[in-house]
Each structure stands twice: as C-alpha cells, then as structure tokens.
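Here's the letter readout for the chains.
There are 2 protein chains.
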Amino acid sequence: MQKMMVSLGERSYPITIAAGLFSDSASYWPLTAGQSVMIVTNETIAPLYLHSVIEQLFTLGIQADSVILPDGEQYKSLTILDKVFTALLEKPHGRDTTLIALGGGVIGDMTGFAAASYQRGVRFIQMPTTLLSQVDSSVGGKTAVNHPLGKNMIGAFYQPTSVVIDLDCLATLPARELSSGLAEVIKYGVILDQVFFEWLEQNIDALRRLDKKALAYCIKRCCELKAEIVAADEREQGQRALLNLGHTFGHAIEAHMGYGNWLHGEAVAAGMVMAARTAEQLGTFSSSLTERLIALLLRAGLPVKGPHQMSAEDYLPHMMRDKKVLSGELRLVLPTDLGQAEVRSGVGHDTVLAAITKC
Amino acid sequence: MQKMMVSLGERSYPITIAAGLFSDSASYWPLTAGQSVMIVTNETIAPLYLHSVIEQLFTLGIQADSVILPDGEQYKSLTILDKVFTALLEKPHGRDTTLIALGGGVIGDMTGFAAASYQRGVRFIQMPTTLLSQVDSSVGGKTAVNHPLGKNMIGAFYQPTSVVIDLDCLATLPARELSSGLAEVIKYGVILDQVFFEWLEQNIDALRRLDKKALAYCIKRCCELKAEIVAADEREQGQRALLNLGHTFGHAIEAHMGYGNWLHGEAVAAGMVMAARTAEQLGTFSSSLTERLIALLLRAGLPVKGPHQMSAEDYLPHMMRDKKVLSGELRLVLPTDLGQAEVRSGVGHDTVLAAITKC
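Residue numbers (UniProt numbering), protein chains in the order written: chain X, 1 to 359; chain U, 1 to 359.
Hints may be right or wrong, so weigh each one.
Said to hold, decoys possible - With a cut-off of at most 25 angstroms between alpha-carbon atoms, the simulated DSS-like pairs for lysine-lysine come out as follows:
#  : chain 1 : residue 1 : chain 2 : residue 2
1  : U       : 3         : U       : 324
2  : X       : 324       : X       : 3
3  : U       : 213       : X       : 83
4  : U       : 220       : U       : 3
5  : U       : 83        : X       : 324
6  : X       : 3         : X       : 213
7  : U       : 305       : X       : 91
8  : X       : 324       : X       : 358
9  : X       : 324       : U       : 91
10 : U       : 305       : U       : 3
11 : U       : 358       : U       : 305
12 : X       : 324       : X       : 305
13 : X       : 83        : U       : 3
14 : X       : 305       : X       : 220
15 : U       : 305       : U       : 324
Said to hold, decoys possible - Which bits of chain U does chain X cover? Going by a derived footprint, with three or more residues having C-beta under 8 angstroms, they are:
#  : stretch
16 : 128-136
17 : 155-164
18 : 248-261
19 : 290-303
20 : 310-316
Rather than coming from a laboratory, the hints here were simulated on the basis of the structure.
From the three backbone atoms N, C-alpha and C, an ideal C-beta is built for every residue, glycine too.
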C-alpha cells in the first residue's frame, strides 16, 4: 500500500493507493458509526462497486444513501448537479453529512462542487475509478461543472478529506478510457519530470496491458507530482497552471464537438501536440521533442491531431474563454524542454493558428 | 460618511455608509481604469440606478456590462443564476473581472454565489439597495440560492471586496420592504444589544418615516454588530448562528408559502415570536419580553403570527432541513433576555408545536 499526504495546513489529506481498497473498511476513514453518507456515482459504476461500498459502510455502522447520475461529460452540468442537492434534501442530510465521489473525473468534479456548495460546505471523499481521475482530477480540490459556453467554468477550489485509489478498478476500465488517462500521465512527464517521461517510453506497453507493478508506480508518481504542485500553489496563482498543458486547445475541442464525444484525455493529447507546435513556432521547443511526444501518444492509443471537422479558426473563440485569459489576453502553457514548461502571454493568434494547422 | 472594516485578515473589507454614494466615483474602489465589470441587478432596480452606476464606471475608464434578472425571492434559483454565467461567458469576462451586486438581498446572495463559482472565484462588490440587505445580507459573505426543498441550501462563504451603502436608495423602497428590513434590525436588538432594542422602541416611527439621521445611525449600528460577529466566527461554527433568530421558523414559512409570497423579514418577524414562545415554554424567556417584542414588531408594520393556511405540523418537515440540524436533531436560536440569545439543542417537537400554536 502506498500512502502520501497533500500538505495544505489544516486542509491536508491522505492519498492511499492499493488493490482491493474499496472492500477494506479501513479505507472509509474518517467516517465513524452513526454518521450519514451520500454516495454519488453513475450508471456504469453503480453495478460494479456500489453494493460493495454500501456493504463496507454498513459494517461500520454508517447509514449510506446513494444517487446514480447518467454517465458522461455531457451530464457534468448545473441541471444534473441539482439532482444531487435534491437527493440530499429529500432525506434530508444535514451539514454533518459526507459525500463520497465513486466514479471517474466527471463524478469527482461534480461531487466536489456539490460538497463545496451544499449548505455552504460539507465533507467529501474521492474514490476515483478511472486512470484519469486517479492520476489527476481526484487530487487537488479543483471542482466544477461545465457551461455550454465553456468547460469547468462554474466551480470551487474545495479539498477532499481523503482520496482512496483502488487499483482493481482499472481491470473493468474500457481501453479507450485507459488511453484517455495516459494522456494526463504523459503530461506530467512533459511539464515536470523528464526521467518519468523516459520511464513512460519504456513502460507504455506494460501500462496498456494493465501490468500491476507498472500501474502502481505510475499512479503513485503522478500523485506525488500533483501533490507537490497543489501544496505549493493551491489556487493556481502560479505554477499550478502548468498542469493545464494542452487543456486550452483541448477544452476548445471538447466544447466545439459537444461534451462527451471526444474524451477529455483525447482532447488533451491533441492539445499537447498543438502546444508543442506553438512553442516550436516561437523557437522555444525543438521539433525532435515534439516527435518523441507524438510517438509516445500514438503508442498510448491517443489522437495527435484535432477533429477533422474543426478548422483552426474554430478554436479561437473557445480559447478566449479559457480561465487563464487575463485582460482579454490569451495565456498558454507551452513546453520548453522535456520536463519543463512555462505560462506564456502575448502569443499572437496567427502563431496559434499556424500551430493548429500544422497538426 | 461612516466607514468601518470587517476584519478577516487578508479578506478584510470596508463598509461605507452615506447618502449619494452611487453617484460618487470614489465608491467604486478598488476598480481602476481598463478593468471590466459585470453589474448584476433586477428589473425594479435597473431603471432607478443602473444608468448612474454605469456612468460613474465609464468616467473611471471601466467597461461595464450588465445582466438584469427578474425581481423576487422565487427567482433566487440555480436556473436564474445560470443567466449570470451565460452573460459572463458571452462577452467573455475573464477571471480578472469584478461582479457588482446592485439590488436587495436576492441580488446580493446570487451575485455573491456567482462570484464564488465563476471560474472558481472572482471579485465582487456589494451595493445593497434595500434596508434588509444593507443591515444584514450584504455583510458577512453568506451567499446562496434556494432549492425548492429549502432556502439558501446551495451556496458558499465568500466575502465581497467592498460594501457600499447609499442611504438615498431607501427613498424609493416600498413601505412593505422597509418593514421587512426592520425585522432584521429588531433581531440585532433582541440577540445582541438591549440598549439598541430600547433605542428602536424610541425611534421606530422615525425610521418608518425615513428620518435620515435615525436611519444612518440604525444602519451603522447593525453593520457594526454584524461585522463583529462575522470577524469572530466567519463560517458559523459558533455565535454567528445567533443571527438566525427566527429564521428556522421563517424559512419554513417562506418555503411552504412559495418563495416571494411572504417577504423574508415578514417571515423572520413571525419566526422571532415563535422562538420567543418556544423559550417561554422552556422557562428561559419571560412572556413580558415577548409582549415587548410583539409590540415593536407591530409598530414596525410586521406580522407576529404565521400564515393562517399553515398548521403547526406544516412547519416541522421544513425545519428539519434547516442548516443548523446536526445528526438529525433540531437546533434552535432562542432568546434568553433582551440582548441575549443561545443555540439550544434537544428541544422537543411537542414544545415547538405548542409554541407555534400559541402564536
């Protein structure tokens, strides 16, 4: 079992990583007998794990209710979020309740925002079931829902009480979802850790065939990198923005194509190549490194171009609604070397258009 | 001009009180030339003040957009809140924008929650236009929208950058709205300040005929009392709950009758009498003080009984969804003397029913 802390003073919390955690009553810390819980999950995950989670809680003497949402990024909306509030109020659950996010990134983001907002804030536990949510979205307290005009535009910084990563979940994860998670994994290598990027070049095939040792190391390393960044810059006033490599382009793809059609990791993969090409245009990144990135993404089963339906011009209106835009000026995360990146202001729209066209 | 600070460390902010502030460019601190602003207001307030506010911002070199919502508590919902997000994203406004809440408590609560959630948090300024919002809801950072199953159930603790109270607004305020604000004014006397309660007994008629000197003193005193409580207990883990005197009963009236039919202050007025009667049942408050409270509320033009359509039993399901409920147990704010109150657990439902029936 791997255990690490996200250090945020009185809001610090543990991340626990091992196989079989959902069936281990110790995973449900800090819940105690007599407390109440609302499990938020989706139609895909509920038949797989909900029964087992409720059973563990029952043996601990905890009353667990659940709300099952439809599965998919297109349901990460205020309208669906309201179903969580309704379920909480129908019982009713008080300010001393705890929400459990049992699912992937969509469930984690929505449950986190529900916990931030219900009665102005209740406790929540992340139990991420996809590679993407295990390595990225479950850690760090970014919670949100989408708006038709932009991804993650409505949300809060709100930290969980605990993150419980059960490696067994990955056995039931569709291959396309696994690849989507690998996009965020590769991102950590590009922006923060050249050695890890090289490890991925050696081990990408092992990860895709679910080699347990490789997966356990990979998830642990990503969580360590994320925990360090979040501890240093919780509210994204500095280096945390680097975690958005590929996301400004990627969010444009997701919004333009309709949420749920391109998986988040797929859009981020194409977006990372666009960011690398932009950096090439500016002379701050070498094309040979872009080629290494492309080769690794392809081996991970990911796209390296945007959707053929989108022209380069289609990207800009979406990109101008990115949360990094300040005073109407685009700011982009661009790689400068393997394991290094920067936030760059003042990149001309022409440069961006040329980079997208080159992909 | 009166000026005071709400002391919350790096989140401290000023409250400024005077006539004519909306037409004074100094009121728009800390906005500076080149910044962007979204004014959130309603259909009643927009024709009265929106033009003047935009004009002041224009002379400061600030680009101001506005979104005009329908007027009334029944519109304090997630659905109407979404209109604010849409207006922000259509322009689009970035994370460096500032929201201005120009209106009463509904506009203040919604704008505050929009500011807390838009791109996970942007700046906002409170410009309250009703007595109720000037003395209570604009100060302290409680933001929220209602849910059909409970009032203020979805929200955040999120402090404004500044609160600007223009006394001239009260000249256009309907008498019923003025009375509604006086309910919260009287509340401060009951829970915190016997001398102020006695001042109100002397000056309630002057307040109702909009005597400027009396109003200025009254608003300043309420803001001082609120600022002290908020500074000591921002997230309502202790004495801040006292500010909810009458609100557990009052929210039940508002929810049961349909939001907007009973004004918030009207419901709180009847709720304060119910709380006083409950304390009488418990032997912790004297009936002669309840009679003084009733006399003052009546002189302020407020109801002292609940709606005749509601039976005592109708209150309980709503009250059990109150945010003060812990482990399924009702907790009530009850007066113990003039200027003193307590949060009381374990009050039997029979006691509550008997108190409501007595009103």
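Broken hints, by number: 1, 2, 3, 7, 10, 13, 14, 16, 18, 19, 20
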